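> Chains A and B, in that order, are what the protein sequence lines are.
Heads up: the first sequence begins at 1 in our numbering, then just goes up one per residue.
Heads up: the second sequence begins at 110 in our numbering, then just goes up one per residue.
Bear in mind the hints are in silico, worked out from the structure with no lab data behind them.
Values in this document were obtained by computation on a predicted structure and should not be read as measured data.
Careful, some of the hints might be misleading.
[Claimed, not checked] Going by beta-carbon spacing under 8 Å, a handful of chain B positions derived as facing chain A:
id	residue
1	Y119
2	G125
3	F199
4	F214
5	P216
[Claimed, not checked] A short list of chain A residues far from chain B (calculated; beta carbon distances all over 10 Å):
id	residue
6	L11
7	Q14
8	G16
9	R22
10	N45
11	V107
Idealized CB from N, CA, C, for every residue including glycine.
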Amino acid sequence: GIQVEQSPPDLILQEGANSTLRCNFSDSVNNLQWFHQNPWGQLINLFYIPSGTKQNGRLSATTVATERYSLLYISSSQTTDSGVYFCAGVDNYGQNFVFGPGTRLSVLP
Amino acid sequence: EAQVTQNPRYLITVTGKKLTVTCSQNMNHEYMSWYRQDPGLGLRQIYYSMNVEVTDKGDVPEGYKVSRKEKRNFPLILESPSPNQTSLYFCASSFPGSRPDTQYFGPGTRLTVL
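Could you put together the complete structure from these sequences and hints?
Set out below in structure tokens:
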């Protein structure tokens with residue numbers, strides 16, 4: 001099956017800073033998505049982004065499917081952005097949904 | 110309100126005592142899935158279902174069973190739980206369609222097997 005890498009594994013930011021999170025896939029992937037898990041464990045879908053660029057407020061994401069990577073941009077970070085960010089997708093062989101290991105973000109006041 | 114519900118939210122049990130974690134969604138989603146989350150391993154898919162009576166194994170199906178008799182429900186069954194199944198479990202469902210589109214997650218079930 002596909003392997004998913006995320007970088008960096010951990011990130012500490014001061015409130016107001018910008019950041020870029022990266023997700024690499026070992027093979028072509030469908031239905032690429034980004035999720036945020038808040039400190040209380042709740043998982044929220046941020047973007048469904050199989051290709052191209054999308055923006056939602058201070059967050060935006062870009063997927064370059066031909067090069068098998070996706071980026072999540074967080075601008076003007078806030079303490080409520082803290083948590084773990086996961087990317088995930090479906091391999092070409094079925095409907096098995098694979099998650100990356102996550103990037104743990106801590107935004108300090 | 111559109112949501113995915115799981116019950117129970119917390120469960121402590123002993124080795125070998127059969128248990129069921131329920132999952133229900135009210136969005137008419139066809140695709141449903143179970144994941145477990147462990148420190149350092151992220152989320153791993155246990156089983157998924159494309160539609161009623163259609164289920165398939167994910168990455169870590171050993172020790173688990175599922176059934177999909179109704180579209181809205183997708184229970185996870187541990188016939189003989191073992192300590193290595195101590196984990197945080199999530200159920201998820203997707204928009205109408207057989208592919209795992211934007212997924213909605215339940216609140217999670219924290220299971221401890223002694």
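> Look at each hint and say if it fits the structure.
Checked hints:
no., hint, verdict
1, Y119, "violated (11 Å)"
2, G125, "violated (27 Å)"
3, F199, "holds (6 Å)"
4, F214, "holds (4 Å)"
5, P216, "holds (6 Å)"
6, L11, "holds (16 Å)"
7, Q14, "holds (26 Å)"
8, G16, "holds (29 Å)"
9, R22, "holds (15 Å)"
10, N45, "violated (5 Å)"
11, V107, "holds (21 Å)"
The structure does not agree with the numbered hints 1, 2 and 10 stated previously, though it agrees with the rest.
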